[in-house]
Amino acid sequence: MKRVYVNEEWCLGCHLCEYNCAFANSGLKDMAYALKGKPIYPRIHIEENDKISYAVSCRHCDDPICVKSCIAGAISKKDGVVHIDSEKCVGCHTCVLVCPYGALAPGESGIMQKCELCLANSCGEPACVKGCPNNAIVFESRDEEV
Amino acid sequence: MKQYIIIGNGVAAAGCIEGIRSVDKDGKITVISEEKHPVYCRPLISYYLEGKTDTKKMNYRGEDFYTANGCDIIYGKKAVKIDKAAKKIELDDKSKLPYTSVCVAVGSSPFVPPMEGLESVEKKFGFMTLDDTLALEKAVTKNSRVLIVGAGLIGLKCAEGLHGRAASIVVADLADRVLSSILDKDCAAYMQKCLEENGIEFLLSDSVKKFDKNKAYMQSGKEVNFDVLVLAVGVRANVALIKDAGGEVNRGIIVDEKLRTSIEDIYAAGDCTEGEDISLGAKRVLALMPNAYMQGHAAGVNMAGGEELFDKGIPMNSIGFFGLHCMTAGTAYTSEQGGCTYEEKFDSGIKRLFTKGGLLTGFMIIGGSERAGIYTAMIRERTPLDSVNFEMLRKAATSAAFGKEARKEKFAMPH
Ligand SMILES: Cc1cc2nc3c(=O)[nH]c(=O)nc-3n(C[C@H](O)[C@H](O)[C@H](O)COP(=O)(O)OP(=O)(O)OC[C@H]3O[C@@H](n4cnc5c(N)ncnc54)[C@H](O)[C@@H]3O)c2cc1C
Ligand code: SF4
Ligand code: SF4
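Heads up: the sequence lines are chains A and B, in that order. Each step along the first sequence adds one to the number in this note's numbering, with nothing skipped, and position 111 is 111. Each step along the second sequence adds one to the number in this note's numbering, with nothing skipped, and position 263 is 263.
Careful, some of the hints might be misleading.
As the list claims (entries may be wrong) - Derived BS3-like pairs (lysine-lysine); straight-line CA-CA distance at most 27 angstroms:
hint, chain 1, residue 1, chain 2, residue 2
1, B, K142, A, K77
2, B, K2, B, K222
3, A, K78, A, K2
4, A, K78, B, K243
5, B, K78, B, K142
6, B, K142, B, K222
7, A, K2, B, K52
8, B, K78, A, K77
9, B, K52, A, K51
10, B, K142, A, K130
11, A, K78, B, K312
12, A, K77, B, K243
13, A, K78, B, K142
Said to hold, decoys possible - Coverage of chain B stretches by chain A, computed from C-beta distances (three or more under 8 angstroms per stretch; other residues unrestricted):
hint, segment
14, 208 to 214
15, 287 to 293
16, 342 to 356
Please keep in mind that the hints were generated in silico from the structure rather than gathered at the bench. Note that CB positions come from ideal geometry on N, CA and C, so glycine has one too.
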């Protein structure tokens, strides 16, 4: 299945993906109106040290430990996409405790969120990938042929 | 066709059903459920009292869960005996069900020590089940003074749930701190302060000497007047079914990595078991939801003839009170036990990482627990500390502290 992958050598550390993500999931039409002067709650984030930077977002794991651990039964996997039911989530952070990638963080209301590949928002494909100026994030299938 | 029986209907049972069905689509699954509800999220009973969820949303799985997985479910009955010679399970109505294999997923029961005068208390409750919660909800009014005995996870969650519904809430515990089974004194103090700021009162290092109707006489000499009593002193794993059948039990049912008990074709999972804690290097009851699911799932796969090991078990818990989150995992070794502690303090809290023998063995984090799963994974995977930049990790959980190759490998392949 297609996943978001990073090429860390090419990441500029510009954080544009974080803004594109927050905008794509805001449901608003105007980027400045959606983001300017406000704290943003993107579902992808840049981690860096003095040598490298790279984007982190949900891996949509084959055997997702977040799904097995959620105390509210709010996380499920369907057609390859790991999804959080925001109606059921109670914001306990158990998924943050177990995700080996650090891919989840709460949104503004305290309800947990993570990358869902922009499939349910108006973008329709990962906005972070679309907007990355240096192809440091790509959306592709690397599964071995069976 | 195989005949699977699952005794109990909590999250471990749900994991077992999904585990069996990932291997065997046809075998007959029968679930015996003492509680008359489809599997629900037990930890959400306090969120229910807070109004953050409802009985429908609390269901762990969708409405068609049992039918979609081809399960027969027997509500309101208890398994009372395992007849291993005849390979039958006996229920409390004397009926007998034949089995090919069984998963015992019976959880734990509240432990109530003998307390003088307890029988004179009219309104007393446990806080373990949905039915406990619905009964408690009815009994508590805006004018109720609530006394909770037990400042562990369950007692404090109950306090948070009742906050705003009752006139006052006092929590008493014999321990000198809150959450004493998971937090050390310094970390517990942060949580206690937050709870106190929200109006919860504590009587610590104290216990009830005697009840007389609506009054508790404490060992310290204090007296507490209350209208509603909640007993949350502790829980005990339900081991009787296996013990009576001659199986090996300690504080929980002893299981191996495949969740097999010492009795042939009988598996066990969840809060009723004692499995290996790899951070401790010994068996212990790992009574937490993620482990219950994972054990149940592995048991189910193995029962159905597949292979899945539960070999990375550690205690791990995330719990929040009034917006302050507290995360703990693994084992905190003291310096006498050969451990080292690394501490970071920040605005809203504290982080303590515990290491021993070149490995991260545990942590306690209050506030600021972003990406803590990176630490949890290091404990579970036994990542050697000399392969990472620990200086960087102490400050923040980040994969940037891993070597380039290790990180690339981690991110290239989904888990
Ligand atoms: C208030 C509260 C808050 C919690 N909060 C958290 C949290 O934040 N995070 C976390 O990880 N964990 C939490 N837990 C713990 C978590 O709920 C348990 O680890 C988990 O529910 C264990 O699942 P289980 O399936 O092993 O057992 P259970 O959920 O206890 O299910 C066992 C079931 O078996 C039934 N049963 C018992 N004997 C028989 C019999 N003989 N025949 C038929 N049925 C039987 C019982 O009625 C019960 O329904 C909390 C628990 C409580 C009570
Ligand atoms: S949130 Fe974490 S554990 Fe869950 S699927 Fe995404 S990367 Fe995997
Ligand atoms: S924060 Fe929400 S999604 Fe995460 S484990 Fe808790 S209830 Fe589930």
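Against the structure, the hints come out as follows:
{"no.": "1", "hint": "B/K142 / A/K77", "in the structure": "42 angstroms, violated"}
{"no.": "2", "hint": "B/K2 / B/K222", "in the structure": "60 angstroms, violated"}
{"no.": "3", "hint": "A/K78 / A/K2", "in the structure": "14 angstroms, holds"}
{"no.": "4", "hint": "A/K78 / B/K243", "in the structure": "40 angstroms, violated"}
{"no.": "5", "hint": "B/K78 / B/K142", "in the structure": "37 angstroms, violated"}
{"no.": "6", "hint": "B/K142 / B/K222", "in the structure": "24 angstroms, holds"}
{"no.": "7", "hint": "A/K2 / B/K52", "in the structure": "35 angstroms, violated"}
{"no.": "8", "hint": "B/K78 / A/K77", "in the structure": "33 angstroms, violated"}
{"no.": "9", "hint": "B/K52 / A/K51", "in the structure": "44 angstroms, violated"}
{"no.": "10", "hint": "B/K142 / A/K130", "in the structure": "54 angstroms, violated"}
{"no.": "11", "hint": "A/K78 / B/K312", "in the structure": "26 angstroms, holds"}
{"no.": "12", "hint": "A/K77 / B/K243", "in the structure": "38 angstroms, violated"}
{"no.": "13", "hint": "A/K78 / B/K142", "in the structure": "44 angstroms, violated"}
{"no.": "14", "hint": "208 to 214", "in the structure": "violated (count 0)"}
{"no.": "15", "hint": "287 to 293", "in the structure": "holds (count 3)"}
{"no.": "16", "hint": "342 to 356", "in the structure": "violated (count 0)"}
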